[in-house]
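Protein chains in written order, with my numbering: chain A, 11 to 539; chain B, 11 to 539.
Think of the hints as simulated: they come from the structure by calculation, not from any bench. We put the CB at the ideal spot given by N, CA and C, even for glycine. Be a bit skeptical, because a hint or two may be false.
Computed footprint of chain B on chain A; a stretch qualifies when at least three of its residues, placed anywhere within it, have a C-beta under 8 Å from a C-beta of chain B [unchecked claim]:
(1) 127-135
(2) 242-256
(3) 283-295
(4) 409-418
(5) 453-466
(6) 471-478
Number of protein chains: 2
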Amino acid sequence: MSDADRILATYEVRSTPDEVAGLARRIAYEQTVELPPALVTDPVVCERVLGRVETISSLDPAAGDEPLSPGTTAAASHRVTVSYSGELANGQLPQLLNLLYGNVSLYPDVRLADFSLPPAVAAEFAGPRFGIEGLRRLTGVRGRPLLATALKPRGLEVAEYARIAGEFALGGGDLVKDDQNLVADFAEFRERVLRCRDAVEGANARTGRGCLYFPLVSAPLESIDLHFDLVRAAGLRGVLLCPAVLGLDAVRALAARHRVVLMGHPSLTGGLARGMSLPLVFGTLFRLAGVDVSVFPDARGRFGFAARTCGAIRERLAAPLGELAPAWPCPAGGLQLDGIEAACAEYGADTVLLVGGALLGHAPRLEDGTRAFAERIAGCFPAHRVDPADREEPPAEPVFLPFRPEFEWDGRESSPYKTAAADADIPPFRGVRRVELVGRFGETTRTDLRYFEVEAGGHTSRERHVHPHIIIGARGEGRLVTGNREVVVRPNDVAYLPPLETHQLRNETEEPFGFFCIVDHDRDRPLPA
Amino acid sequence: MSDADRILATYEVRSTPDEVAGLARRIAYEQTVELPPALVTDPVVCERVLGRVETISSLDPAAGDEPLSPGTTAAASHRVTVSYSGELANGQLPQLLNLLYGNVSLYPDVRLADFSLPPAVAAEFAGPRFGIEGLRRLTGVRGRPLLATALKPRGLEVAEYARIAGEFALGGGDLVKDDQNLVADFAEFRERVLRCRDAVEGANARTGRGCLYFPLVSAPLESIDLHFDLVRAAGLRGVLLCPAVLGLDAVRALAARHRVVLMGHPSLTGGLARGMSLPLVFGTLFRLAGVDVSVFPDARGRFGFAARTCGAIRERLAAPLGELAPAWPCPAGGLQLDGIEAACAEYGADTVLLVGGALLGHAPRLEDGTRAFAERIAGCFPAHRVDPADREEPPAEPVFLPFRPEFEWDGRESSPYKTAAADADIPPFRGVRRVELVGRFGETTRTDLRYFEVEAGGHTSRERHVHPHIIIGARGEGRLVTGNREVVVRPNDVAYLPPLETHQLRNETEEPFGFFCIVDHDRDRPLPA
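Construct the entire structure; sequences and hints are all you get.
Written out as structure tokens, the structure reads:
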């Protein structure tokens, strides 16, 4: 592995000049082998696992060399870079976080300021699905910032949120999102989603524009996919979520699974950002997780962010990062009408300007308040234009697969049971075909339904795997052989096989034996029994 | 709602005496309505949503009144308590975090030091499934701390980890876990799990003891359940995971779903803990999330934790918190043999002492090193005893449900289609029965399989819901009516209905019409069409 394949982490530390080299070495050990140096002797471990201190430099703020991770801590005195083998990230976001900052997050004088990924590691992350261009297409707005607002406060009637959303859309707003506090049970969430959608779509029908509504998705992880499925089924194109509350890998998984714009709210981010630099959190990490629009406190607002920090966040959202799409900066947290020109000048056209209280309270009629802000933004970008919004997304349609007597289905093809390419180490099988029925064709179910048929004298592989099986007999008669049992399976018999149960299906008759098999969509590859 | 039903949050802030009341009020607004006070006029919002400042006091460290959230930040000057309606937490961990510290995490001078939950809110959390007593039963060890170690470093052959695990078990260790860096792909994880299990079980067979092996589960969320399923199928009783890396609600969801001991590693916790007090994070929050064993840096180790902080973590893990079980403190991070007596004295018997490098490097033979530590611990608790370990857990067995011609299954009963209690607002239906076949009986599948039968002239509710349906025709002939289509369903026909598709199944024949229905286990309740 060459040096070009290494991850480079930059830490800002507080230390004396005498001790900084020792601290840097401790970081490299702590983050990889977590053993005293005397116990790290295995050459493979030393070569492939142990981190390497690359550079140490002192910080000189007087010369403009300010730490990237300012905050309330005592100022860092040195910058240390440590490199790690790219393999150590395993292509997984949790492990990347663990590798870069896991244990040393507990060192009081060490903050993670920045990191860079080699192309092979960056390529493991999908990043923003929509990014700048995708959201431009959905809104139709080109050449100026988007105007956004939030439905708040919690505690109003649903009709009131729908009214606010509709008036904002009528007044020329581009994106209205729920407040991050509008947490509700599923029934209330469903009602708010459908009614606010109707209000915004009704307004769009009058204006000819493409204002978007992004509901807040905040729910226990067990039901969060259901919330996303509702959002998509309702025809909405994005959501607000709180990456630091949900966990960055939860966001990545949701981004991978659901084709919606992710707007990341900064709730709880201050926890992470006291140990890491703000541009790293709101820029690089949120983008790696798949956030399309990163909301962060504007320097003009009430959170005391430095203008330099906000600029660095914006830069990180657009900077080269593997092949990842650039994401939108979304300054928020106290923007006022009179600050619009300055914000437009600082952030440029590719920005979402999120205005809450100042817009809601600007004029007796919310539509007028929205128009005032929208015109102020438009005035800064006279060449902007509004194209037709690209709202095309074919709705999911029911699928009907009529059965044919030879146990084929219209709309699906039989395929081989297994292929050598897929399973290098396949236990023997004979005379089996499969028909993938549901789950591999873009459906939102977590389940795959397949039909398998074993010809006379044939059998499946004798194997086991961690994912459970459900089997329903469908044709003829076969034998299900498990670890310590053998049963005959006839049509409509049902069997459940728990994780790691060894099993094989055998046909000892003269007629074909067929069965439906239901498995989790995300599953492991079989092991020989 | 009475004051006894309110959540009380304690913030430690840095402020001047003149400004602290204003800061306290800003916290109460920021965390609930996030609007300027002039815009918060709705009486329902003021009464039920807006936070209330309860107390403000100055901190006087000279009088022993030290902040709970020390760290590298400038010392707090005041303690502020703000109360929130318990309803605002929605019984959900993400929302509790959002409510307590979401936006103000970004206030540089505000740290969350502590909180208390009213009984109704605490009751929404299950907390540790095993806790002190559960892990005592699994190990059989009573009246002394447990001795734990870690398999490390990353980069060794699997056989080497298995050797370490087996020798530790032979030497009298109680719990061996993977290092938090032993991240692997699923095949390598499976191999390590099975081989280390075999090594530990082999040693247990020789010693008659109940040493436990906890593999690290670190994986993208899509496949993390699969990892837990393997752990359980392998007969293992616990895992190591990193709550701050995965996200606290991910940990809660995993604790709810999987019947294993959760050992929480501190990786990345320093991020959270710079904004929150360490006892709150390692004690209260980890326990709320379901962590049974909370690993944190011991004051004697290399992370510079104060002894007072470690004591406060231990207290929080055992303090009354609704009906939640107490959890184990697990000090780690540099414990040495000579520190054992002091650690035993400080933490008491209900402690897991995690010794890594010092144990692995103590003697040429790991078994001897382990014995030295085990004897040192035992010497501090002469009255300890080792009962037979409670290793009984019936393995999951295959389930076979033979079909009977009247479309009943041996082992399952027919039940009503719907009951008024379950659905207050049920659209009309007629002549339908259901048989729950798989998914409601403790199986690990994410899927429920049911059989429905509609009698001649009957029909199901015309309804829609967000979760998708898969249908397989099984008996007779019926009509599937969707939003804009109607098809005839005969045996073995397959249909997939996407989210929110309106549907009804009707039987217009003279014979029963039956079908299998496959749905996600976690799903929403139907809406009238």
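Okay, the hints, checked on the actual structure:
With a cut-off of 8 Å between beta carbons, the stretch 127-135 of chain A has 0 residues touching chain B; three or more are needed, and the interface restraint is violated. Residues of the stretch 242-256 of chain A lying with their CB closer than 8 Å to a CB of chain B number 7, which satisfies the three-residue condition for coverage. Check on the stretch 283-295 of chain A: 4 of its residues sit with their Cβ under 8 Å from a Cβ of chain B, so the three-residue criterion for coverage holds. Look at the stretch 409-418 of chain A against chain B: 6 of its residues bring a Cβ nearer than 8 Å to a Cβ of that chain, three or more, so the hint holds.
Closer than 8 Å: that is the beta-carbon criterion, and the stretch 453-466 of chain A has 6 residues meeting it against chain B, so the requirement of 3 holds. Coverage of a stretch by a chain is defined here by at least three residues with a beta carbon nearer than 8 Å to that chain's beta carbons; for the stretch 471-478 of chain A and chain B the count is 3, and the condition holds.
Figure legend: structure checked against the earlier numbered hints; the only hint not met is number 1.
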